[in-house]
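Model the full assembly from the supplied sequences, consistent with the hints where possible.
For reference, the chains in residue letters:
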Amino acid sequence: MEWIRLELVELMRSYSDLMGGILYTGIFLLGIIVVYTFLALRGPKNLTDPTKADLIWLDEGRSTKPFFNQTYKVLGKPDAMYNDRGYITAVEYKSRRGRIHASDITQAKAAALAARGNGYQVKAVMVKTKTTQQVISLPAADTALYDEISDAVEMARTIKQGAKARSAKPELRKCASCAYNASCSDRAA
Amino acid sequence: MSRKSEWISASEVGRVEFCEKALELKYAGASVSTKAQAARVRGDQAHEQFNVQAKAADKRCFIASHVWGIDDPRTECLRQFRDTALMPNRSTRWLVALYYRLSPALVTVCRHLPIVDAVARWLCARVLAKLSLRAEVPERKSGRAK
Numbered sequence: 001m002e003w004i005r006l007e008l009v010e011l012m013r014s015y016s017d018l019m020g021g022i023l024y025t026g027i028f029l030l031g032i033i034v035v036y037t038f039l040a041l042r043g044p045k046n047l048t049d050p051t052k053a054d055l056i057w058l059d060e061g062r063s064t065k066p067f068f069n070q071t072y073k074v075l076g077k078p079d080a081m082y083n084d085r086g087y088i089t090a091v092e093y094k095s096r097r098g099r100i101h102a103s104d105i106t107q108a109k110a111a112a113l114a115a116r117g118n119g120y121q122v123k124a125v126m127v128k129t130k131t132t133q134q135v136i137s138l139p140a141a142d143t144a145l146y147d148e149i150s151d152a153v154e155m156a157r158t159i160k161q162g163a164k165a166r167s168a169k170p171e172l173r174k175c176a177s178c179a180y181n182a183s184c185s186d187r188a189a
Numbered sequence: 001m002s003r004k005s006e007w008i009s010a011s012e013v014g015r016v017e018f019c020e021k022a023l024e025l026k027y028a029g030a031s032v033s034t035k036a037q038a039a040r041v042r043g044d045q046a047h048e049q050f051n052v053q054a055k056a057a058d059k060r061c062f063i064a065s066h067v068w069g070i071d072d073p074r075t076e077c078l079r080q081f082r083d084t085a086l087m088p089n090r091s092t093r094w095l096v097a098l099y100y101r102l103s104p105a106l107v108t109v110c111r112h113l114p115i116v117d118a119v120a121r122w123l124c125a126r127v128l129a130k131l132s133l134r135a136e137v138p139e140r141k142s143g144r145a146k
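Top to bottom, those sequences are chains A and B. The working numbering applies: residue 1 is where the first sequence begins, and numbers increase by one. The working numbering applies: residue 1 is where the second sequence begins, and numbers increase by one.
No wet-lab data here; the hints were simulated from the structure. Keep in mind that a hint or two might mislead.
To be verified - Straight line, CA to CA, 27 Å or less: simulated DSS-like cross-link-like pairs of lysine-lysine:
| # | chain 1 | residue 1 | chain 2 | residue 2 |
| --- | --- | --- | --- | --- |
| 1 | B | Lys35 | A | Lys169 |
| 2 | B | Lys130 | A | Lys169 |
| 3 | A | Lys174 | A | Lys164 |
| 4 | A | Lys160 | A | Lys65 |
| 5 | B | Lys26 | A | Lys160 |
| 6 | B | Lys35 | A | Lys130 |
| 7 | A | Lys52 | A | Lys174 |
| 8 | A | Lys164 | B | Lys35 |
| 9 | A | Lys160 | B | Lys35 |
| 10 | A | Lys174 | B | Lys35 |
Note that the coordinates shown come from a computational prediction; the quantities given were computed from them, not determined experimentally.
Have a look at this one:
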């Protein structure tokens, strides 16, 4: 009977070791969560200038692979992404001077949608030229974000598959900056 | 497998918004004007300048960047692992977020305590070795299939 008693004592000891291990691991993980939550929530978010936050992603040219959103078949990469305690802002930088065009915002939104496909929960886009900048909040749902740019995406897809453009939008300033103005029959004079 | 023509890039979406005709001409193979080519070169230079400014203010304290340098191919390998393996999964995304929170402090400790620095270097090398092994296995499998 002695050996049964010893076996039971051994079993109890290993059981208490196991429980102790689980308890210490649990306390350690809880500690990490508390520290993380504290760091994540402290201080106000700087929504006016997201570039003051932590840089989490940077497009460094051809060596940087784009993001792919498999659901909407949109690919792209913002110029940079900043994270202000969970509030991720994608930056679209335009090297020209002057105002921000609607096409810049659409491009930035498409790049943000692509980044969301790779897990970056982009909540705002910032379009920045040499002289001005604008921050635009994005809808939380990918579907709602896609809806905002769906016309342009579908049109681009149709043209890529060989269809003709519905109409040109000739404007003197636009046509002057267009890369294909020499070949365009609809260009503004 | 989706067809290549279904995929649309963000810049193409922007171009359509700018002028549909411009995208049509691009796909028709119209030549880019010399003025536009020059503007593109200037734009690339301005983007590089933007990157330099962004990097100067970069508060990311990747341990790998500390160990190997910010532009090292090994650091880039870990970044790709982050973007392709960790970020797409909700279950592993929090690990990245936690890493961003804790790594600045860890790098500071590494700079002051050589023993912690040595452990960090050893750990980074181990992680990289595991990743290299993971990348090699599918290659070997595909090599056999051929």
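Consistency of the hints with the structure:
{"no.": "1", "hint": "B/Lys35 - A/Lys169", "in the structure": "holds, 20 Å"}
{"no.": "2", "hint": "B/Lys130 - A/Lys169", "in the structure": "violated, 54 Å"}
{"no.": "3", "hint": "A/Lys174 - A/Lys164", "in the structure": "holds, 20 Å"}
{"no.": "4", "hint": "A/Lys160 - A/Lys65", "in the structure": "holds, 22 Å"}
{"no.": "5", "hint": "B/Lys26 - A/Lys160", "in the structure": "holds, 9 Å"}
{"no.": "6", "hint": "B/Lys35 - A/Lys130", "in the structure": "holds, 20 Å"}
{"no.": "7", "hint": "A/Lys52 - A/Lys174", "in the structure": "violated, 33 Å"}
{"no.": "8", "hint": "A/Lys164 - B/Lys35", "in the structure": "holds, 26 Å"}
{"no.": "9", "hint": "A/Lys160 - B/Lys35", "in the structure": "holds, 25 Å"}
{"no.": "10", "hint": "A/Lys174 - B/Lys35", "in the structure": "holds, 14 Å"}
Violated hints, in rising order: 2, 7; the structure is consistent with all others.
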